[in-house]
Amino acid sequence: MDIPYTIQERPDTGLYNAKVGIWLFLASEVMLFGALFSTYIVLRVGSFNWMPGRDFDLNIPIGTFNTAVLILSSMTMVMAWAALKIPNFTMFNLKIDHFDWFRIFLGLTILCGLIFLGVKSFEYYGKFHHHHFPETHTFYAIYFTLTGLHALHVFGGMVVNAYLFGRGACTALVTVALTILYMAIFGPMHDTATGGGAAFIAGAAWLGIFGLPLGIFFLAVLIWKNNNSAEMWKSNPERLTNRVEVSGLFWHFVDLVWIFLFPVLYLL
Amino acid sequence: MDTITKEQPHHDAKDAHHDPMPFWRKYIFATDHKVIGYQYMFTAFFFLLFGFGLVMLMRWQLAYPGRPLPVLGKLIASVLGDSSMPGGIMVPEFYNALGAMHGTIMIFLGIVPLAFAAFGNFVIPLQIGSPDMVFPKINAASYWSYFVGGVVMLASFWAPGGAAQSGWTSYTPLAVIAPTGQTLWIIGMVFLITSSLLGAINFISTIIQCRAPGMTWMRLPYFVWAQLMTSFLLVLAFPPLEAAGIMQLMDRLAGTSFFLPEGLVVAAKSNVIAGYARSGGGTSLLWQHLFWFLGHPEVYVLILPAMGIVAEVIAANARRPIWGYRALVFSTLTIGFLSFIVWAHHMYMTGMGSRISVFFQTTTVLISVPSVLLLTCLILSLWGGSIRFTSSMLFAVGFLPMFGIGGLTGLPLAFNAIDLFLHDTYYVIGHFHYVVAPGTIFALFAGLYHWYPKATGRKMNESLGKLHFWGSFVCMNCIFAPMMIQGMQGVSRRLYDGGATYLLAEPTLHWNIFMSMAAWTLALFQIPFLINFIVSMKLGEKASDNPWEATTLEWSTATPPPHGNWPTLPTVYRTAYEYSVPGAARDFTPQTQPQE
Amino acid sequence: MSDTVKAIKKHVSWYMIVGVSLIVLTGVTVGVSYIHFGHSGNIVVALIIATLKAALVASIFMHLFWDMFVKMAVIFKVMIFTAIFFTGLMALTLWSLKDEIRTSSSTPGPLFRQSAPAPAEEHGH
Ligand code: HEM
Ligand SMILES: [Cu+2]
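Residue numbers (our numbering), protein chains in the order written: chain A, 1 to 268; chain B, 1 to 596; chain C, 1 to 125.
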């Protein structure tokens, strides 16, 4: 016998299963970041040598740009879902099928995620270059912990989105990420001269900014017509739509966390 | 009356259209909730025995401080190296590692996976009338994450410097400057937390979404309520510990000092004085807050599933409805809520001011009200019943006074003036072991004896079961009651020599040998259980689909339940415990039986 | 149901409006952070704007606004309790750390004190 309400909504709750699951997960994520925010506040009001991020050389314009990018990605995410839901969806009077609109918007979402991570690694590179590490100051300790964990969430959301975009895109993303991780871990070991490791990471990061989107987009174009989510779109469109909604909820949450992180770390 | 017999699906109808799955598909990469339940059960049981083994070693050191352990000591030294028991004599660091790992393994790898994950997985879908857990693959991921966490924890015994040594609470700053084992502890914990989160989300979603037609909230068996609350505790309380674990990892590996006070100076082993504050400006108390924010809800994670099991067993064997079902449910909800705002009662000694202490003291006293309600309802459920003392019922009834003692000894601890004296003494150890060991573990045994026939189609042997119960009951009390005496004398916990170097411990020191003897005897009394458990699978008395004549849904499907549990979803017509209804033809009315 | 095709069509313009206003609000936060509002004024202002933005994301992008009246009572309950416990975690932790034992004459000190003089050597290169 099959599990009920995997696609249809259960009448008395008005929800399908995965939506319950993702909201519960988000609740746990609220507590995860909640504990870290509590730590931030405790350190801020309690540490006698506390200095706010404002007094460090965090780059506010870059941070603002990144915030805008993430907000934009949240918007394209919800548009991707709306495009799936509305059969004759189109914009600018273009004659494009609504499933293709979905992929355009989802592609933009992933792209924004990539830009966000690229900019973030550029910022990290700047910090390491100036010998600012988590151990340098309490502010950096919490800064790297919070932004690092958030970046992991961004990456996780991107992997899921890439999977919904098409399995090939997902593979590409994970492969490139593993490569970068490999370089970041083993690169510095080959170059023990001071700062050499950081330079290697920087190189990897720059490669990430240019190489990652390029690589993925070549692959994405390749699989534009033939991939698993298109198949599911034919066989079980509601299921795909639900998946996009669930992945979207996670993505908006990641955006929401950043909306707090940005002023707290950069501006205050 | 005939409707029930008609509704009960026939045994051989089930496998007709199912291809037999190969062993590895069925038992290794399983997604069926029952099989995952078995996986959890066997693994958790292994860890329970393992954790018990660790503490039996510790009890040797406590009873005979510094004396070489015959035979076994040498063996351990040859496996774990000279940093453990050179010549059979336990070194202090190894004692600490045993203590820390005993706590961690018992709580996070033993009780929680058994009480919550194993019983929850096996019983919940059956009791609410669902074909499976709502996310079967996530369910499997949950088990495997738990498995990896367990392997990491076990592996940490071979880490340089041995396993984690800073207690199951991993208090900083000691945990930050401890050897590598602590890093593995954190990594293992991250896997275990992930596992619990996945499992809990799955349970809640299943209970919300997959209740069978007619299964309204107030018709749910109490066990399901208990598991639902437990899941919420896990979902909301575990993430802060995960965050804290990440920060402790940063402290250990990235040179931050979230949990290190400024200017901390540590005399390392080599007598080199090392300054430890790096990024500066942290506080150890932050760790304690984040830890106990999980830690207190965690103790209810340990007890609520046990309560649920006991309620089921008592109802089925006292042949009367649970007394005060609604009171049970609302007490459980209240406990769940309150358990998030009592955590600092573990921290009275840390120099909190009196106002905040009073706050936490008040909430702690408040939370004992619903706890007592739970116990009272269960005791009153026995009133006027015609009780069948099966092995499972013995364990369930044995649970009640044991939980009572555990809970009542908690009350003095709730008042900070008293706790300042009792904190970190053996009294606290006695308190929580009464709740967890003869409490929760008895409930788990009750559950095993109770649902064994559903899983295997055979009953466990009653005589061996009774031997198991009485032996365990006596030994448990012999172990934990003297701890209260020692604690009130002022003997601290976590002492390498059990207090031998302290003058104040002198009058109660003789109890140490007694407790150790009782602990080893307790181990002997588990042998009948193990034999019973294994042998009954093949030779036990054959059981029908509903051997205890119980009302809840799991007893209305085939034994063992097929994949998918029911040929068609059952419909529920009545509340969960309709035993001895006046005028009914039999003394139990299953939930699937339509109202006249 | 709140997500019929017709309803979503109406929502699409909201998505755009909210997306743009979120970006505008980001600009506003940055802008006002250069103005001084006194001791904790800036913190309050920044947090108010952030909360507003978060509320927009949650209610429009995550559909809570439209679902509020129709369904998801379960989710609302869960999120409300999550919010309560989140606040409790923060507030009680801070309160415990602030509420230290002291005599009535002593002046309030920093939240947690140095246990020893800080090491002279700064970590850095
Ligand atoms: C019924 C009311 C209860 C009250 C009022 C209560 C109160 C307390 C208090 C105040 C402490 C801290 C003692 C100290 O460290 O000085 C404590 C410790 C503890 N309690 Fe309870 N408790 C109760 C029930 C339970 C239950 C049901 C469990 C578990 C299943 C439990 C498990 C524990 C554990 C594990 C510790 C010690 C943790 C450690 O320090 O390692 N308690 N209890
Ligand atoms: Cu507690």
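Treat the hints with care, as some may be off.
[What the hints assert, rightly or not] Calculated from the model, a selection of chain C residues having no Cβ within reach of chain A, i.e. all distances over 10 Å:
#1 15
#2 38
#3 42
#4 99
[To be verified] List of simulated lysine-lysine pairs, DSSO-like, C-alpha gap at most 30 Å:
#5 95/A <-> 234/A
#6 77/C <-> 234/A
#7 234/A <-> 98/C
Hints are computed from structural coordinates only; laboratory data are not their basis. Yeah, the Cβ is synthetic: ideal placement off N, Cα and C, and Gly gets one too.
Consistency of the hints with the structure:
The beta carbon of residue 15/C is not kept farther than 10 Å from every beta carbon of chain A, the shortest such distance being approximately 5 Å. Distance check for residue 38/C against chain A: the nearest CB is about 14 Å away, which clears 10 Å, and the non-interface claim stands. The Cβ of residue 42/C does not lie farther than 10 Å from every Cβ of chain A; its closest approach is about 7 Å, which violates its non-interface assignment. Distance to chain A confirms residue 99/C as a non-interface residue, since its nearest Cβ pair spans about 13 Å, more than 10 Å.
In summary, the hint linking residue 95/A to residue 234/A is supported, as the alpha carbons are separated by about 20 Å, within the 30 Å threshold. Restraint check: the Cα-Cα separation between residue 77/C and residue 234/A comes to about 36 Å, which exceeds 30 Å; the hinted pair is violated. For the hint pairing residue 234/A with residue 98/C, the CA-to-CA distance comes to about 60 Å; that exceeds 30 Å, so the pair is violated.
In this structure, the hints that do not hold are numbers 1, 3, 6, 7, in rising order.
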